[in-house]
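Q: So you can see what is in the structure, the chains are spelled out below.
There are 4 protein chains.
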Amino acid sequence: MNTIGNILRLTTYGESHGAAVGGILDGCPAGVKISLEEIQAQLDRRKPGQSHITTQRKESDTIEIISGIYDGESTGTPISFIVRNKDHHSSDYNNLKDIFRPSHADFTYIAKYGRRDHRGGGRSSARETIARVAGGAIAKAILNHYNIDIKAYVSQVGTIELKKHYTEIDLDNIDSNIVRCPDSQIADLMIKTIEDAKAHQDSLGGIITGVIKGVPAGLGEPVFNKLHADLGAAMLGINAVKGFDYGSGFDGVTLPGSIHNDPFYSEDGEVLTKTNNSGGIQGGISNGMDINFRVAFKPIATLVKTQSTINKKKEEVTIQLKGRHDPCVLPRAVPIVEAMAALVIADHILLQRTRQI
Amino acid sequence: MNTIGNILRLTTYGESHGAAVGGILDGCPAGVKISLEEIQAQLDRRKPGQSHITTQRKESDTIEIISGIYDGESTGTPISFIVRNKDHHSSDYNNLKDIFRPSHADFTYIAKYGRRDHRGGGRSSARETIARVAGGAIAKAILNHYNIDIKAYVSQVGTIELKKHYTEIDLDNIDSNIVRCPDSQIADLMIKTIEDAKAHQDSLGGIITGVIKGVPAGLGEPVFNKLHADLGAAMLGINAVKGFDYGSGFDGVTLPGSIHNDPFYSEDGEVLTKTNNSGGIQGGISNGMDINFRVAFKPIATLVKTQSTINKKKEEVTIQLKGRHDPCVLPRAVPIVEAMAALVIADHILLQRTRQI
Amino acid sequence: MNTIGNILRLTTYGESHGAAVGGILDGCPAGVKISLEEIQAQLDRRKPGQSHITTQRKESDTIEIISGIYDGESTGTPISFIVRNKDHHSSDYNNLKDIFRPSHADFTYIAKYGRRDHRGGGRSSARETIARVAGGAIAKAILNHYNIDIKAYVSQVGTIELKKHYTEIDLDNIDSNIVRCPDSQIADLMIKTIEDAKAHQDSLGGIITGVIKGVPAGLGEPVFNKLHADLGAAMLGINAVKGFDYGSGFDGVTLPGSIHNDPFYSEDGEVLTKTNNSGGIQGGISNGMDINFRVAFKPIATLVKTQSTINKKKEEVTIQLKGRHDPCVLPRAVPIVEAMAALVIADHILLQRTRQI
Amino acid sequence: MNTIGNILRLTTYGESHGAAVGGILDGCPAGVKISLEEIQAQLDRRKPGQSHITTQRKESDTIEIISGIYDGESTGTPISFIVRNKDHHSSDYNNLKDIFRPSHADFTYIAKYGRRDHRGGGRSSARETIARVAGGAIAKAILNHYNIDIKAYVSQVGTIELKKHYTEIDLDNIDSNIVRCPDSQIADLMIKTIEDAKAHQDSLGGIITGVIKGVPAGLGEPVFNKLHADLGAAMLGINAVKGFDYGSGFDGVTLPGSIHNDPFYSEDGEVLTKTNNSGGIQGGISNGMDINFRVAFKPIATLVKTQSTINKKKEEVTIQLKGRHDPCVLPRAVPIVEAMAALVIADHILLQRTRQI
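Protein chains in written order, with numbering that gives the first Met the number 0: chain A, 0 to 356; chain B, 0 to 356; chain C, 0 to 356; chain D, 0 to 356.
Calculated from the structure, these hints are not laboratory results.
Here the structure is a predicted model, which is why all the values come from computation and not from measurement.
A hint or two may mislead.
Heads up, the list lumps identical chains together, so a pair's fine if it works in one copy or across two of them.
[As the list claims (entries may be wrong)] Calculated cross-link-like contacts (lysine-lysine; reagent style DSBU-like; alpha-carbon spacing at most 35 Å):
no.	residue 1	residue 2
1	Lys197	Lys163
2	Lys162	Lys96
3	Lys321	Lys273
4	Lys312	Lys162
5	Lys32	Lys85
6	Lys321	Lys163
7	Lys32	Lys197
8	Lys150	Lys163
9	Lys312	Lys191
10	Lys150	Lys85
Kindly produce the complete structure, drawing on both the sequences and the hints.
A: In structure tokens, the structure reads:
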């Protein structure tokens, strides 16, 4: 299915080498102040060719808003938008028509649909995420009315890891370098390791950390749409994502409860916790503390390096992929992670309005 | 919301100290062979008091099927079931009425609903998972028609870790010990560490690993309901879960693409991969290989040990929790993980029937 | 599917001759004052055996609330309820096992599911509507917080028609007679025509008119969930219903626009219309005027009279139905119509809370 | 909400005087043969200016398919399409900015959203139905694989009524005249009455009858998504619709059950009924007979005639509407009714695939 959300629902469409990608954001409340420039700015953070460590595909990724915004405000009707594809070199993919690229979705699409649009990965291309970033930018505009702030950054690339906790770093520095790691020294190491991978015709994965500040207590559903479950599903829906955790996460499993529990205290009439292993969510519901989470990305499957695989006739073949690809998707995935988080939080903001008479 | 699934939809109800817990499974196709004994057997794997390392609350957890099954087969109508609560000591919770237990959902429920049923955690109690295990047992009955097999086991408790990969162990041994770790030596260590935690009035977390065999290629949606995203959301919806990954998961982020990619080959006309870092899912769609995943559980928040916290008036208080609790929930969570996985896979089996004309 | 609603969602289960019927109402906001007596009172208006013109099946239809209500208020968690079946004479249906009753769902269930529970019509029995009346009673409790009032009455039975417009009659008289027509003279004629039909082993249809007062302007979605579309779907989901219209309805098609249009005027600062051909809904959205609608019921298919039909082997047979049936369902359908209307309006009340920032 | 359907889901966007209208059809199975010409042909049946009895707005309504179709077949991914608005005279509406037109959605939009795009009715304009006709044309392409045929025709305009039953007329004649009534004599009368209304600056309503042939037995859900309930909701979602009935409908309420019941018989191994008061649906599920239904349309609210109303300040004003409008929408609504029916039937075709193991 191509829709996410309960009240605020984003539906996306479009393929990498088709005419365009785009989406419809339904359920955006009327009266949200929305700036086209801000949407475009988020798309620019995602767009290809933004630095030497990203793909060199040239796309301006200019968005056209078709409906739902009037005089700078949402009208309550569906917000539709479209981004035309321009620089698709579909001929780069001609030799792939009958080949299953390793760890790509070529084979699984055939298994699912009995056919596939082989040009550029079709719908499985990360180009689809343009629509998410656009939808997420509008969700961020909703959150602005609530002073909720969402930030994501690259905390690991391959083996290069930013070991500092998010509370120890300046989140305003995220966009100060091309790899989007707020620690400039670690950022340099990350850039270097990506350059190395590129030089070796290889690719790298890593981890993006997300932080959401200002979420009021009470968001999230107790059972199946726990706030972290919806966040997790949103993140796991991003291309190349292999894992998600929040708060203490996988590292928390070794702690005893007496250390892991977050003691409550009160200050200035507010309910706070001394530690935040809960990651701002208890019993699936936000408690007002920062929400923090991690998203694990595998190394991208597209390699320039020669690989062996099979074709549709199940014959062994070798391939060398042309096309223009990112050696590491994480720098460009930062705005995608933020967008998906914004969509989830804004959706729960609206849902929570219905939970008390 | 209290419903999960697209075609096969489970809705649950009930609180820990109310009259009963139960659920409705809607969308089960007609003609599925369903054994009441098998459903009860799964509930027995989850029920309290099954060993000395679980809570001593005494519940037979006997299920009554109210509708939707006739002559041992599903009729296509909603399958409703109920499990009465019997041994609830609600008075154990009287002193908690106005207190926010650390890392529990007491405070967040108040924030969400303006009130809460304080007895036994109400809806946030893991007793709600009875309905999931029952629903999952029916989902397993659907999967039996497809020869799909789901197994989960405890792979880590606190710092005690089963380092072997699932392919190196005999998954038929899972229920051979009370901790549900298929390696008897590691199981003994896990049991001992749980006994220690209990003696110290403390609690432990850990990891459950899941393995799904026999899933045909083609299940899962390309964008927002990727098979692993739906699995992840289902797992993150289980009480105390803090993280989810699949295939190479968080460990895969350090590998270069040239090692991480799973080369295709063919044998006996089948399409297979030499490695399985993909965890059986590529582009969100199953590729026919085993699906494997990990679920991280925090140490349970309920401690016998004295803790400091605040009450509704935001005064500092100390609490010592009575009630009967598990020092480590993982042994009893194994059937819950299996149940949630079964619900997701069965749902996608049905959905996939609609994907080609 | 067995769920209705967007935010406020009712899922029902159970068969006529199974153990029970019941449901789960999810999404009820916390803090709604709910009286068990009022729910039971609505069920009593629906229950069999309430007068000599209804079926003589004896059921107390006593409801048990299992979850979601605490100290007389909703807690925000799912409200589950169950009504046990007691007086089912399943043996009455033994001879129907292989026969397709005319205009019943016997044949279509077999076509759909490949099997059916032949006892009492199974899920197609109007006994399922118990769950709707219970859910609707809770929805009415929500509407009480908004001073919205829903009334339905029998306006036609066979050829006996109450020609007065709802504005000309006293809606407080609806329950003053057993046929639930607020005009006592017409009611007597209706009762007599039902007695006649019963004496002739025949059945009758008719029309129920609904009136909803106090709905604030702004409810309903502009395109696919227009308020009248959701009302219509809810009514068309009631057993034996063949048609729905609202406002001027089918009669309005002969009027020219210059007469049909409802001119706006203002009084005491309120926006009102001089006529109400719109039936309180314009462009799918409530305008604050009364909402009125009609629901057409066919004569019930179950006849004592001998009928010819075919069996599963497609052989011609004659049947004479035992079982205890209503010669006319309309008197008992009044609370069902009200319940479905209440569920729809309450759902849109909640949805509307999300439509402006 | 702007989405309809369960498996096959249409989401629409766009306003009358915005840049474009369009939609996304999600859930279309892969492999459906889709002809762009056939989609355009349906749009041409709906487009303005097609005859002297429709609005003279000039729009080519040329569709662009953006995604989801490749080499003449659906790929399984979302089918997105767009129709640009060209001939919008927004200035025609300047004088309406602060006025509530009688029986229009101007006031209710303000009540709902606190604002509205006043140009041309915005989202409440029937121009939105372009997306439904396009989506419906694709649904018809799905139904072609099943030999299901959907036809609708104008059976009443104002007081001019086609009294013949659909079985007595040649449905291939529907498009043989500009009013889309298959009886040429009645069609002439209808055209004349519309010309009269236009001359009097007035408008007319009427009835469209729909007929669906070839639906296999078994479609539709027993309780809340009865086939006729989903059809009814789809029809009631069309602009200006005030009522829906099927089979014997409102006329059936006066018949006794002994006449209304449809006796089963068998011929050539098929199960048939001698009469079809059921309208092809029993217990909410198709029985294989023709499905027939009626849709009541009010006279369109836009009149050239001077009318009195109020403005936002609640002052009395008179208006005379410019803009170019249909004196009677029914001829252009025929393809819309067909489209909505096709969407519902195709959705249930897919859903039914999941109902037996």
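Q: Next, verify each hint and record whether it holds.
A: Structure-based check of each hint:
Taking the shortest alpha-carbon separations for Lys197 and Lys163, both the intra-copy value of 27 Å and the inter-copy value of 33 Å come in at or below 35 Å. For a Cα distance limit of 35 Å, the shortest separation of Lys162 from Lys96 qualifies neither inside one copy, at 43 Å, nor across copies, at 41 Å. In this assembly of identical chains, Lys321 and Lys273 lie within 35 Å of each other by CA distance solely across copies; the values are 24 Å between and 53 Å within a copy. Within a single copy, Lys312 and Lys162 get their C-alpha atoms no closer than 47 Å, and across copies no closer than 39 Å, so neither meets the 35 Å cut-off.
For the homomeric pair Lys32 and Lys85, the shortest alpha-carbon distances inside one copy (30 Å) and between copies (27 Å) are both at most 35 Å. For the identical chains of this complex, Lys321 and Lys163 are neighbours neither inside a copy (38 Å) nor across copies (38 Å), given an alpha-carbon limit of 35 Å. Taking identical chains as interchangeable, the C-alpha atoms of Lys32 and Lys197 are never at most 35 Å apart, the minima being 42 Å within one chain and 43 Å between chains. Taking the shortest alpha-carbon separations for Lys150 and Lys163, only the intra-copy value of 16 Å comes in at or below 35 Å, while the best inter-copy value is 37 Å.
For the homomeric pair Lys312 and Lys191, neither the shortest alpha-carbon distance inside one copy (41 Å) nor that between copies (54 Å) is at most 35 Å. In this homomeric assembly, Lys150 and Lys85 come within 35 Å of each other (Cα to Cα) only inside a single copy, at 30 Å, whereas the closest approach across copies is 41 Å.
Of the hints listed earlier, those the structure fails to meet are numbers 2, 4, 6, 7 and 9, in rising order.
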